[in-house]
Amino acid sequence: MFGYYLDLALRSLKRNKVLTTLMVLSLALGIGASITTLTVFRLLSGDPLPQKSAQLFYPQLDPYPKDQPFSRSDKMPWLMTYADAMNLMHARKATRQAAMAMTQAKVTPSTAGQKPFFSDGVMTTADFFAMFDAPFRYGGGWSAADDDNRMPVAVIAGFLNDKLFGGTDSVGRSIRINEHDFRIVGVLDHWAPQPRFYGLRLGGHDYGTGDAVFMPLQTARADGMTPQVTLSFGSSDSTKLETAPSIWLGVWVQLSGAADAAAYRTFLGNYAAQQVTLGRFQRPRVSLSGLMQWLADQRVVPDDVRLQTGLAFGFLLICVVNTVGLLLAKCLRRSREIGVRRALGASRGAIFAQFMVEAAIVGLAGGVLGLGFAELGLLGIRHQPAEYASLAHLDIGMFLFTFVVAVLASLIAGLLPAWRASLLAPAPQLKAA
Amino acid sequence: MRLHPTLSALRQHKAGVLLIVLQIALTLAIVCNAIFVIGQRIERMNRPTGTVEDGLIRISQSWFGAPAGDDAASVEKLDALQRTDLATLRNLPDVQDVAASTSMPLQGMIYSGTLSLNAQQTGVAVSAAYYYGDEHLRPTLGVRLIAGRDFRADEILHRTLTGEAAPSVIIVSKPVAGKLFPDGDALGKTVYQDGKPATIVGIVERLQTPTTAKWGSAWDYNSVLEPIRVDGASASYAVRARPGREQAAMREARKALLAVDPLRVMPDSWGIQSLSQIRDKIYRADRGMALMMAAVCLILVVVTAAGIAGLTSFWVGQRRKQIGVRRALGARRIDILRHFQVENLLIAGGGVLLGVVLALALNLWLMTHYEMARLPLPYVGIGVLAMLVIGQAAVFMPARRASHVPPVVATRAA
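Residue numbers (my numbering), protein chains in the order written: chain A, 56 to 488; chain B, 85 to 498.
Just so you know, the hints here were simulated from the structure itself, not pulled from any lab data.
Relax, there's no trap hidden among the hints.
Which bits of chain A does chain B cover? Going by a derived footprint, with three or more residues having C-beta under 8 angstroms, they are:
1. 81-88
2. 168-179
3. 368-375
4. 379-388
5. 434-443
Here are the simulated lysine-lysine pairs, DSSO-like style, with alpha carbons at most 30 angstroms apart:
6. B:K365 with B:K298
7. A:K295 with A:K121
8. A:K121 with B:K298
9. B:K365 with A:K218
Partial list, derived from the structure: chain A residues whose beta carbon lies under 7 angstroms from chain B:
10. L74
11. G279
12. D358
13. D359
Built from N, CA and C at the ideal position, the CB exists for glycine as well.
Put together the whole structure using the sequences plus the hints.
This is the structure in structure tokens:
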């Protein structure tokens, strides 16, 4: 039976080539646009560390004076002062904790003739690598003792190791950063969480290839490296960031469950209250956000991308409405054919099935073409200057999703026309003929 | 014109009519808002910086093995390096003027602070971007001085960014002067920059801050020129090329600076760029968004027009016999043509009515979820008109075909 419907549908579609093309094309454009933007949206709003994100939390304190708040809309300050970050580090109330700031690191290759270049540097503390599950190709991270002793040690990214040492095991060799020598203790495997959640609000980019060098915070600071973002409150001496009224560090903590998180929040609250008593803080409020919550609150997905995704789905809706209209007109015009088939014994269900098959064929064709449009769209996005551009690829999930959307959209579009067709009474149609 | 036959014909096609109405309404809602977004982006991209952009170049570089700058002697060494570079650039044949300059409009690198009327920073507080530079900065940027004077060479300090020395004189942009002194008597007054006093010796007409980001949009033309040459391992310069010699000046500058220090870091991507390149880069996302919106609008309109044309031609085919009867009973060709045109006008009218409501609702939703302004009514009006015209254009071909149906059809079997 299905074969027969298929044959009927193909004949009917062939009879009106222009209209069939129009239906398929409009459906394909709608699907292509929505899949392109949805792929980008998913890429940008994804979980950067799926296996760990539930355990990672971002604490915030408010050291700002009451009459000079951090934000007009009363948001919590994004970053922490050095004093607070170090107090949280030394309290060791979480399973793991790390403070971090981004810096522009000038790397000078040891080979003569190679010019120095800037790369993205992270100044952080020992727990960083274990807490974020950063995989090592060679060696490992540094220890808390290295932090305290301001040891000149560094972890470098795989791509930097490839560039400087041709991919060989460089652990133990030295790297010159901002005119100081650091001993390499570890080389990372490819590691670039998208979005780069730990660098949010610390400057630099939110997406991309990942950072190149990682150094102990105190060592890097002693060597004169400066954070990319410094926000100051109060106007006292700001020459020394460690003691200045400035926020410039992000702190992450690892907590194993809800109970731990509640306990840590209590600890933070007590800490802030204590700082108020000491006169360092004026407001005792604190916040502790989970990783995904933090990303959502900071609106890491650009508004333009949200807007484009919305627009694409509006576009798809119009395309579906368009296809419904054309299918409907088409089927109503064939009332005579339906009348004949009904008179010859076809049931209502059979007519309904026949029209649904026709709609599904339009949908499948739209899906295939839509996939082509989506690939074209993503190709266009990869040529955009955005930092996430190179990551925009259609994955298997999206590939399948395209077909589900296409066939579903066309079946929905076919529902009304098929229903109307199956309701036609045979006699008047035959008589009119 | 009698509407009766048209209306009763429409009643026969409720579902089809409803679908076209819906499609026109959705198209209008989306196209209105999209065109509004495009308009806003274009307006944003056309904002003036206040500088003479043609021939303005920014150089940003970092010396090889620069001194640390942590004591007075090494700060002097850094300053000497910078003065050598400035003198080198000044001697180039295609360079008209050159200045030490930390920031440049649109470029993104911003230093900012708060200006107030007393040391305790109570009362009026004005956020502003600080443009550190020397006495050549204002003329090099080409910013128009509307009151007071430029910095004198002996007023220029030099220090590292975190250094203590505070300037005694500043030049402010008109909005800063206006906010601090609404009576227009800012010139010669003392203001406090993050608590430190300085006298306003000049006012410039307009100077955009270096950032185009949302957080700085509330004070996007609040700028202050600071008479400080900032010393550090990196330094940036503003260069004014002789008229029409921008490209030549950029090539010369690269060659001359690398001759002074061949190992300095001055990459192609951001080392030496003209302001027009910087402008191009910073607004690329806005331009991309506007182009994408425009493409979607165009496709939407085409799809809707094709949908209307397609549906109407089906109706024409379906009603050949009725048309024949009407013609046989004396209707002229023009009457048949009119019939379909009026029919479309009624449908499109319903569509745009619903569409206006949807467009305003969509705009309201966008206003609550994104930073979007209220949709001005002219946009809606133009959208309505455009949809009606597109409807008429789409229906013309099938309607013409209908008007050519001969009366004899009435006598034949369908």
